[in-house]
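Participant: Protein chains in written order, with the numbering used here: chain A, 19 to 322; chain B, 93 to 389.
Think of the hints as simulated: they come from the structure by calculation, not from any bench. Predicted, not measured: the structure shown is a model, and the values here were computed from it. Among the hints, erroneous ones may be present.
[Unchecked claim] Lysine to any residue pairs mimicking SDA-like chemistry, simulated, CA-CA at most 25 Å apart:
hint, chain 1, residue 1, chain 2, residue 2
1, B, K350, A, K309
2, B, K350, B, Q339
3, B, K350, B, F154
4, B, K350, A, S175
5, B, K350, A, N276
6, A, K309, A, M197
7, B, K301, A, L55
[Unchecked claim] Quick list of simulated restraints, FRET-style, between CB atoms:
hint, chain 1, residue 1, chain 2, residue 2, range
8, A, T54, B, L242, 53 to 63 Å
9, B, S165, A, N238, 37 to 47 Å
10, A, L97, B, A293, 46 to 56 Å
11, B, V237, A, T54, 20 to 30 Å
12, B, F304, A, I157, 22 to 32 Å
13, A, V284, B, A287, 31 to 41 Å
14, B, I190, A, L123, 29 to 39 Å
15, B, F304, A, L49, 13 to 23 Å
16, A, V306, B, V184, 47 to 57 Å
17, B, S165, A, L301, 30 to 40 Å
Cβ atoms here follow ideal geometry from the backbone N, Cα and C, with glycine treated the same way.
Spelled out, the chains give:
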Amino acid sequence: MTTHTAIAPPSTTMTTPVERDRMPQRRRRRLDLHRTLASVIVTLIVIVQVYPLAWLFLTSLRTEQDFASGNPFALPTELTLDNYARAFATGNLGLNIVNSLVVTLGANLFIVLLGMMAAYAIQVLGFRLSRVVRALFLIGIIVPVQIALVPLFIDYSSVNLLDTYLSMIIPLAGFALPMSVYLFSSFYEYIPRETYEAASIDGAGPYRIFGQITFPLSVNTIVTIVLVNSIFIWNDFIFANTFVLSDELKTIPLGLQNYIGAMGNVDWTATFAAVCITITPLLLVFLVLNKAMIYGLESGATKG
Amino acid sequence: MSSTMLPNRSKTSVLVFLLPPLLLYGIAVLFPIVQSLFLSFFSWDGITDLRFVGFDNYARMFVGDDVFWTAFSNSLGYLVICLVLQLGGALVVASLLISLRRGRELVKTLYLLPAVISTVAIAFLFQRIYSLEPTGLLNQLLQWVGLGELQQAWLSNVDTVLAAVSIPEGWRFTGLYMLIIYAALLAVPQELEEAARLDGANWWQVFTKIRFPYIRPVWITTTIIAATYALRGFDIPYLLTNGGPGQASELLTTYMYKTAFTHTDYGYASTISVFIVVECLIAVGLIILLLRRKADA
Numbered sequence: 019m020t021t022h023t024a025i026a027p028p029s030t031t032m033t034t035p036v037e038r039d040r041m042p043q044r045r046r047r048r049l050d051l052h053r054t055l056a057s058v059i060v061t062l063i064v065i066v067q068v069y070p071l072a073w074l075f076l077t078s079l080r081t082e083q084d085f086a087s088g089n090p091f092a093l094p095t096e097l098t099l100d101n102y103a104r105a106f107a108t109g110n111l112g113l114n115i116v117n118s119l120v121v122t123l124g125a126n127l128f129i130v131l132l133g134m135m136a137a138y139a140i141q142v143l144g145f146r147l148s149r150v151v152r153a154l155f156l157i158g159i160i161v162p163v164q165i166a167l168v169p170l171f172i173d174y175s176s177v178n179l180l181d182t183y184l185s186m187i188i189p190l191a192g193f194a195l196p197m198s199v200y201l202f203s204s205f206y207e208y209i210p211r212e213t214y215e216a217a218s219i220d221g222a223g224p225y226r227i228f229g230q231i232t233f234p235l236s237v238n239t240i241v242t243i244v245l246v247n248s249i250f251i252w253n254d255f256i257f258a259n260t261f262v263l264s265d266e267l268k269t270i271p272l273g274l275q276n277y278i279g280a281m282g283n284v285d286w287t288a289t290f291a292a293v294c295i296t297i298t299p300l301l302l303v304f305l306v307l308n309k310a311m312i313y314g315l316e317s318g319a320t321k322g
Numbered sequence: 093m094s095s096t097m098l099p100n101r102s103k104t105s106v107l108v109f110l111l112p113p114l115l116l117y118g119i120a121v122l123f124p125i126v127q128s129l130f131l132s133f134f135s136w137d138g139i140t141d142l143r144f145v146g147f148d149n150y151a152r153m154f155v156g157d158d159v160f161w162t163a164f165s166n167s168l169g170y171l172v173i174c175l176v177l178q179l180g181g182a183l184v185v186a187s188l189l190i191s192l193r194r195g196r197e198l199v200k201t202l203y204l205l206p207a208v209i210s211t212v213a214i215a216f217l218f219q220r221i222y223s224l225e226p227t228g229l230l231n232q233l234l235q236w237v238g239l240g241e242l243q244q245a246w247l248s249n250v251d252t253v254l255a256a257v258s259i260p261e262g263w264r265f266t267g268l269y270m271l272i273i274y275a276a277l278l279a280v281p282q283e284l285e286e287a288a289r290l291d292g293a294n295w296w297q298v299f300t301k302i303r304f305p306y307i308r309p310v311w312i313t314t315t316i317i318a319a320t321y322a323l324r325g326f327d328i329p330y331l332l333t334n335g336g337p338g339q340a341s342e343l344l345t346t347y348m349y350k351t352a353f354t355h356t357d358y359g360y361a362s363t364i365s366v367f368i369v370v371e372c373l374i375a376v377g378l379i380i381l382l383l384r385r386k387a388d389a
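Input sequences plus hints: build the corresponding full structure.
Facilitator: As structure tokens, this is what we get:
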């Protein structure tokens, strides 16, 4: 996208001809300067923001000697995929990725389904204490997750839930539910009353209306909620680290951490290769769907 | 007020839709809050019987525990650094982005990229960036710009470690807040700004008199989100330094975690976690109070 600036003729890059005619010469030049300065600063900030990631990726392609001796800013002398082979051979990456998938899908299912149900009950069905219940959910947005660690650890051990998928899914979904309820109910406010009245007259009950009207209309909100939550859940460290002990259930963050210990002496290039492998699924989804996500974040944030 | 949109819905249908979400929310969030409050009045190691100790844990926390106060002031430092990087950085980049003609989408995507990466990976990354031996990115950069004498092991120095563990957290989410503020800035009516400029207002006046008042509600929400997230920050300090060296980067959250799961002192850990919740509530109250009052003045 930025390459366009170089291709476009200099006279039209910054302002349209119509604007040019209306503006006095000096002001126009100052505005151009302003814009150029802005793009230079933005470019610099973006480089600082993205450079560490580029470096991470480059390091995963370096040979070990190159990494150990080299200047961290230098380009790799030769590219190698050995690190990736070692990353797969040493760790348990495949299993970690499967576990992360199970937890992410499970938690998202609860977040979306239960979030829609609560918002439907509060916003569409309505009941006497609906405002109280809404407020109760809203409080959850600012409650720090740490409050639940000790109680859940104790509760899990008394009902044998420690070291299960569910032990991660329950708090991950529970703490994300308030935001989900909030986003769905602010969206349901905009569905016109007439839509429901027409369906009611046709004899549809609350269950059919939920399935045939409310749910299909919610698809955009669902996409936003799933995308944003997936980032947090895929990368969750604190719940997994607290409630999961066995290697078979370890998610990606735990797998990565384990990795280093298992090798004793840290094999950085292989570790960075492992990091690259585990980032990839989420990164692909993010890059493909980032328009939808950015749109959702922007509208979700400004509506409230 | 809370009138229904469906005249012939039954009471049962409300319960069918409301109970499952309330059940999950209750198990995961509400009940643990009550449990923590309860446990904070007991002494318990998880094995022997619960022993009621009244307000002893609170007395110990406020009067008898230096580590708690160190962790508390570290948490405030962590909060300030995160807020400056996330909100300050977000506001600057969003304002600059507004004035760009092209490449906005690309910048948004790239800027958001670090948010996708797990804290464990980020901890690895910054361990290398701060490294002194072999020379990491930061120390190499210092040498290049002629500040070689500043080279040091950033994570082992008690004076720099708190900033060193806070910066990655600020770095990774600034893109998220930038998007939110950018969207708010887009909604500021252009006519207003143009009119002010024609009246000779400079960019600072345009910003303080028009743009900022316009985005104030979004700014309050964003500040609340960023502050409560910074106060619950845990992963990166825990993974990078585990609170060390000494207690130089110990946050309330890492201290609470160690008290619970290393020392199995569940009662006292619950007391600290109750404090973390209260601290978040106070922070939210203060933010609303401060930013609203300015609006009235």
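Participant: Does each hint hold? Answer for all of them.
Facilitator: Hint by hint, here is what the structure shows:
1. This hinted pair does not check out: K350 of chain B and K309 of chain A have alpha carbons roughly 41 Å apart, beyond 25 Å.
2. For the suggested pair K350 of chain B and Q339 of chain B, the alpha carbons sit about 12 Å apart, so the restraint of at most 25 Å is met.
3. For the hint pairing K350 of chain B with F154 of chain B, the CA-to-CA distance comes to about 18 Å; that is within 25 Å, so the pair holds.
4. Taking the CA atoms of K350 of chain B and S175 of chain A, the gap is near 19 Å; set against the 25 Å cutoff, the hint holds.
5. At most 25 Å may separate the alpha-carbon atoms for a hinted pair to count; K350 of chain B and N276 of chain A meet this at roughly 19 Å.
6. For the suggested pair K309 of chain A and M197 of chain A, the alpha carbons sit about 20 Å apart, so the restraint of at most 25 Å is met.
7. This hinted pair checks out: K301 of chain B and L55 of chain A have alpha carbons roughly 23 Å apart, not beyond 25 Å.
8. In this structure, T54 of chain A and L242 of chain B break the distance hint of 53 to 63 Å, their C-beta atoms being roughly 32 Å apart.
9. The hinted window of 37 to 47 Å between S165 of chain B and N238 of chain A holds, with their beta carbons roughly 44 Å apart.
10. A C-beta distance of roughly 54 Å is found between L97 of chain A and A293 of chain B, which places it inside the suggested range of 46 to 56 Å.
11. For V237 of chain B paired with T54 of chain A, a C-beta distance near 24 Å keeps the hint of 20 to 30 Å intact.
12. Judged by the Cβ atoms, the range 22 to 32 Å given for F304 of chain B and I157 of chain A holds: they are separated by roughly 28 Å.
13. Between V284 of chain A and A287 of chain B the beta carbons are some 60 Å apart, a value that contradicts the proposed interval 31 to 41 Å.
14. Hint check: I190 of chain B to L123 of chain A, Cβ distance near 38 Å, so the stated range 29 to 39 Å holds.
15. In this structure the supplied range 13 to 23 Å holds for F304 of chain B paired with L49 of chain A, their Cβ-Cβ distance being about 21 Å.
16. Range check, V306 of chain A to V184 of chain B: Cβ separation about 29 Å, and the 47 to 57 Å hint is violated.
17. Distance hint for S165 of chain B and L301 of chain A: a CB-CB separation of about 37 Å, consistent with the stated range 30 to 40 Å.
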